[in-house]
Amino acid sequence: MTKTSINLPRRYPGLRPFERSQQAVFHGRQEDVQRLSNLILRERLVVLFAKSGIGKTSLLQAGVAPELERHDYVPIMLRTERSDKMILDSLDSILRNTPHVSGRNTTGERPGKHVSLWEQMKRLEFDLKGLPATPVLVFDQFEETFTLSHAEISRRQFLTELADLANGTMPEDLRSDLLQSFQSGEIDMETMRWWEETPDVRIVLSIRSDFLHMIDGMSDIIPGILKNRYQLLPLNREKAQTAIVMPARAAGEFSSPVFQYSEEALSEMIDFLAGNMVEGKDDREDDNPLLKKKDEIEAVNLQIVCMDVEEKIIDYQQAAEFEVTPPFYDGKEGLKSSIRNFYANQLDNFPKAYIDRIQQKSQQFASQSEQDLELIKMDVADLRELARRLIEESLITPGNRRNSVVDDTLLDEYDVTIDFLNTLVDKSRLLRKEPRLDDFYYEISHDTLLPAIIESRNKRRYKEEAEREKAAYEARIAEEAARREEVEKELRATRRQRRMARIAALTSTITLLVSMAFGAWFIRDYINSSLRQLRAAERNVYIEQYDAALNGYDELLQHENRVWILRNSTPPKEVADEKAVAETLNVAYRHSILALSNADSLMFTDNYAEALTAYRAAIDETRLYHTMVTENLLLIPGNKLVPRVDTSLIMNRLRLLENRRGNALKILIREFKISQKDYEVFNEAEVWGQALTRLQQMQDILPEHPEDQHALQDELQLNTPISQYLDQKLDACKRKLR
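Following this note's numbering, the numbering of the sequence shown begins with 15 at its first residue and continues without gaps.
In short, the hints are calculated from the structure, not lab data.
There may be inaccurate statements among the hints.
As the list claims (entries may be wrong) - Simulated pairs of lysine to any residue, SDA-like, Cα-Cα distance not exceeding 25 Å:
1. K687 <-> Y244
2. K687 <-> R49
3. K748 <-> E252
4. K680 <-> R667
5. K593 <-> L564
6. K241 <-> F336
7. K375 <-> E399
Assemble the whole structure, with the sequences as input and the hints as a guide.
Below, the structure is given as structure tokens:
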């Protein structure tokens, strides 16, 4: 392997979607490529939907795009991300500047008039290799039309004009304007006939399945919008094997040499990706594999695992035809680590990748900024933390979704460089970079990363808050210690005065009385200081800052005099007992927060049934925590008992959890209805295999709790329990398959 091979493309893109140029290593989706391409060629409007992480963008860019081009269709990839411009203005600029535009028809020009999307597509002429071609407008991540902060007027105008184009209907204001021009003799009959011809165009809306209801909500302006829909399903075992093996065998210039996988490695990797890692059990012997969720493999996880294997081959400089075996990637534990620790590992490797990039440019006498040279002098830990903050604080919305940010904003806010950002894109693969008009926008490379990034951000913020509280606490302690030292210094001076033999007896007596009064004042201040320290710990418990509280109790326990004072105060306080109660509440608090985080992670990864169960578990943990707080009351002066923790904090979390549980149930019901509707279509068409797959999807998202099942049953207006309904349908479908 040459030294320059590190700059060559990888065989597996990891979290980034496959690009048009990576067709040679895009495998496992040939059937989907053909079916979706045929649907697009046949229908004017197609909706592609799938869960996040299944591979919609990769399918469109590396699979469908080349296939459409074979039929003289030109795919134009579009997104409706947040922008300072109106959505239609941004799209107009992109369409005008696409390299496949060969000209613009000027028939019946209307100077000064608004050019709608319908008119724009009618006027623009497209070609492919010098021959006329039909444009295919591919709106990737179409959910951004609804989820990002577009102005409502911008969103409404865009959807209205998109509807006119999809319906093949001339916009009413354009028709009215043309009619007036025709009646006044400004345009002739031939021009009117030209206008009446509908633009020849195809439209693809690609959207996450949990936002499909938003597409359905457009049915009033685009009737039958979901008629021609295509669901991209996870890879099965056979397709996953192809997606693993074929890129490794591909010839061409890559960072890694051609390599292969042993049968044992392939089997273990696919078992892991499919979830069949339960010891002593092999579900592959099930007599009805169509019903097995464990044979569904998400493309994004497959790419992360294979990318990790390829990186090891590059790092160890393995020779061509190297065979990957389980020990090479550390077996099952290595596979688990690839997925679980991807974000942390990529952050750990970022400083070296960035420094190597700048040093390599220096060796090649390439231009580099002074800022880059200063950045690489930073401590590795500080460089890593800078990248971490940039990702966690700027690229996640308040609603915990991916945020797309223009490069200038990141450069100014974090004082970094383009090379810094691009290293996060092409080496760390944590970000993706999208050109829009004259700028580049950066965003987190995939939704799969969000749970790990959000967890990392929350832990960092919690640690920083605890450190701030600890610093403030230590400053107060230092201030009190300085004050005590000053008092003791004065007391020592007073004592020295008492020992002076030359002072008269009367003066000695007066000095003694003053010293006694001062000593009493010092003791009283020491007592008050101990009480203040205890109150500070109690306040930290009250606002759930347990780390700071426990530090306070530990500080008190290091001074026996303070412990004795508090034991004999009113009301008496045993510091060790107070700390034990705080530790118990801290454990319950952390369990409730961890349960909430776990439920959110499941929700982010579209595991709605599991998320629903997890939210219920989080509610139970939070209620248990609330009960413990109400049972361990704090005794305060006046012999009053009050809660140790601000119960409004707990009740707010309970309300939040109930809302999220309700949202999870709504989304689950919607997903269930979509699968049920698909099942009914396939059942009526007697396509039993697809019907069975839809039933399996319905069974997979069946909620566990009886109340949730009952809510689903009511929503579907079923007379029988939902589980019984599914069992009956499954049995009937199996009989048809036999």
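Tested hints:
no., hint, verdict
1, K687 <-> Y244, "holds, 16 Å"
2, K687 <-> R49, "holds, 24 Å"
3, K748 <-> E252, "holds, 22 Å"
4, K680 <-> R667, "holds, 20 Å"
5, K593 <-> L564, "holds, 6 Å"
6, K241 <-> F336, "violated, 48 Å"
7, K375 <-> E399, "holds, 24 Å"
When each numbered hint is compared with the structure, a violation occurs for hint 6 only.
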